[in-house]
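Keeping their order, the protein sequence lines are chains A and B. Quick note on numbering: the first sequence equals residues 241 to 351 in the numbering used here. Quick note on numbering: the second sequence equals residues 42 to 156 in the numbering used here.
No lab work stands behind these hints: they were computed from the structure. Treat each hint with caution, since some may be false.
[As the list claims (entries may be wrong)] Sample of chain B residues facing chain A (criterion: CB under 8 Å; computed from the structure):
| id | residue |
| --- | --- |
| 1 | Gly81 |
| 2 | Gly83 |
| 3 | Leu131 |
| 4 | Glu144 |
| 5 | Pro149 |
[Said to hold, decoys possible] Residues of chain A clear of chain B, computed beta-carbon distances all greater than 12 Å:
| id | residue |
| --- | --- |
| 6 | Ser252 |
| 7 | Asp257 |
| 8 | Gln300 |
| 9 | Val310 |
| 10 | Ser314 |
| 11 | Gln316 |
[Stated by the list, open to error] In silico EDC-like cross-links for lysine to aspartate or glutamate, where the CA-CA straight-line distance does not exceed 20 Å:
| id | chain 1 | residue 1 | chain 2 | residue 2 |
| --- | --- | --- | --- | --- |
| 12 | A | Lys338 | B | Asp71 |
| 13 | B | Lys112 | B | Asp71 |
| 14 | A | Lys308 | A | Asp295 |
| 15 | B | Lys50 | A | Glu279 |
| 16 | A | Lys338 | B | Asp79 |
| 17 | A | Lys282 | B | Asp79 |
| 18 | A | Lys296 | B | Glu144 |
| 19 | A | Lys282 | B | Glu65 |
| 20 | A | Lys338 | B | Asp100 |
| 21 | A | Lys282 | B | Glu144 |
| 22 | A | Lys338 | B | Glu103 |
| 23 | A | Lys338 | B | Asp95 |
| 24 | A | Lys338 | B | Glu144 |
Fair warning: this is a prediction, and the values are worked out from it, not measured in the lab. Glycine included, each C-beta is placed from N, C-alpha and C at the ideal position.
Residues per chain are reported as follows:
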Amino acid sequence: GESVGLHLPTLSVQEGDNSIINCAYSNSASDYFIWYKQESGKGPQFIIDIRSNMDKRQGQRVTVLLNKTVKHLSLQIAATQPGDSAVYFCAEGGGYNKLIFGAGTRLAVHP
Amino acid sequence: DGGITQSPKYLFRKEGQNVTLSCEQNLNHDAMYWYRQDPGQGLRLIYYSQIVNDFQKGDIAEGYSVSREKKESFPLTVTSAQKNPTAFYLCASSIAGGDAGDEQFFGPGTRLTVL
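Looking at chain A on its own, in the form it has when it is part of the complex:
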């Protein structure tokens, strides 16, 4: 909701720079990972997903990297734009389509 960005870690970037948002996941048996974007007062929107048999997956301006050794996931946004300002959070597949969500990172893009 409107207050979801409060108390979250914030990444501040300049417009046009690349952004990297990190996520540590908890379950080494998770085999599906998703990144969501949530704008203020709205529901989360799917950005990109990756399965555990992959290390990297690219979309339009976004790349997700998966390091299973250290249970780490990252989202890279190229040429960050003001419209990218939002809270970003990762989720891991916990079986029977149950997803476990991280708390999120707030991305602030400055002109």
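With chain A fixed as given, assemble chain B onto it according to the hints.
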């Protein structure tokens, strides 16, 4: 125009009252979910349903109830037994409720405030 709708967007309730949040989807998805979102925390699963007429408790089901009488509808009732109901509630759906690996689509959310 397919999607998930939640109503109302804002809801106010007096302490001691039950309230029902609506969630409808026309995506023909089998699975539906209810999450609660609080500031600084990840989404927490309240209830989920993998198929019509069946639902399971999530991680924080106490004080909540659901029904799944129709495939497209999954209403959530916040009862007076829920001690801290003020939160942003999100409904989601996915194609199937089987093995993990299906994207969940979210509705716009309902902000519930207890006065």
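Hints versus structure:
The interface hint given for Gly81/B is met, as the beta carbon of that residue sits about 3 Å from the closest beta carbon of chain A, less than 8 Å. At about 4 Å, the closest approach between the beta carbon of Gly83/B and any beta carbon in chain A falls short of 8 Å, and the interface hint on this residue holds. Look at Leu131/B: its Cβ gets to within about 6 Å of chain A, closer than 8 Å, so that hint holds up. Satisfaction of the interface hint for Glu144/B is found here, the shortest Cβ-Cβ separation to chain A being roughly 5 Å, below the 8 Å cut-off.
With its C-beta approaching chain A no nearer than about 5 Å, Pro149/B sits inside the 8 Å limit, and its interface hint holds. Against chain B, the non-interface label of Ser252/A holds: every CB pair exceeds 12 Å, the least being about 18 Å. Annotated as non-interface, Asp257/A keeps its C-beta farther than 12 Å from every C-beta of chain B; the closest such distance is 26 Å. Every beta carbon of chain B lies more than 12 Å from that of Gln300/A, the smallest distance being close to 16 Å; the non-interface claim holds.
With 12 Å as the threshold on Cβ separation, the claim that Val310/A sits away from chain B holds: the shortest Cβ distance comes to roughly 20 Å. The Cβ of Ser314/A lies farther than 12 Å from every Cβ of chain B, with a closest approach of about 17 Å, so its non-interface assignment holds. The beta carbon of Gln316/A sits about 20 Å from the closest Cβ of chain B, which is more than 12 Å, so the claim that it is off the interface holds. Distance hint between Lys338/A and Asp71/B is fulfilled; the C-alpha atoms sit about 14 Å from each other, no more than 20 Å.
The straight-line distance between the Cα atoms of Lys112/B and Asp71/B is roughly 7 Å, inside the 20 Å bound, and the hint therefore holds. The suggested pairing of Lys308/A with Asp295/A holds, with an alpha-carbon distance near 8 Å, which does not exceed 20 Å. Proposed proximity of Lys50/B and Glu279/A is supported: the alpha carbons are some 15 Å apart, at most 20 Å. Distance restraint check for Lys338/A and Asp79/B: the Cα-Cα separation of roughly 19 Å lies within the 20 Å cut-off, and the hinted pair is therefore satisfied.
Only pairs whose Cα atoms come within 20 Å are accepted, and Lys282/A paired with Asp79/B is accepted, the gap being roughly 14 Å. The suggested pairing of Lys296/A with Glu144/B holds, with an alpha-carbon distance near 18 Å, which does not exceed 20 Å. Proposed proximity of Lys282/A and Glu65/B is supported: the alpha carbons are some 16 Å apart, at most 20 Å. Restraint check for Lys338/A and Asp100/B: the C-alpha separation of about 11 Å stays at or below 20 Å, so the hint holds.
For the suggested pair Lys282/A and Glu144/B, the alpha carbons sit about 18 Å apart, so the restraint of at most 20 Å is met. Our distance criterion of 20 Å between C-alpha atoms is met by Lys338/A and Glu103/B, whose separation comes to about 18 Å. Between the alpha carbons of Lys338/A and Asp95/B the distance comes to roughly 15 Å, so the proposed pair stays at or under 20 Å and holds. Between Lys338/A and Glu144/B the alpha-carbon distance is near 10 Å, which keeps this suggested pair within the 20 Å criterion.
Comparing the model with each earlier hint shows no violations; every hint is respected.
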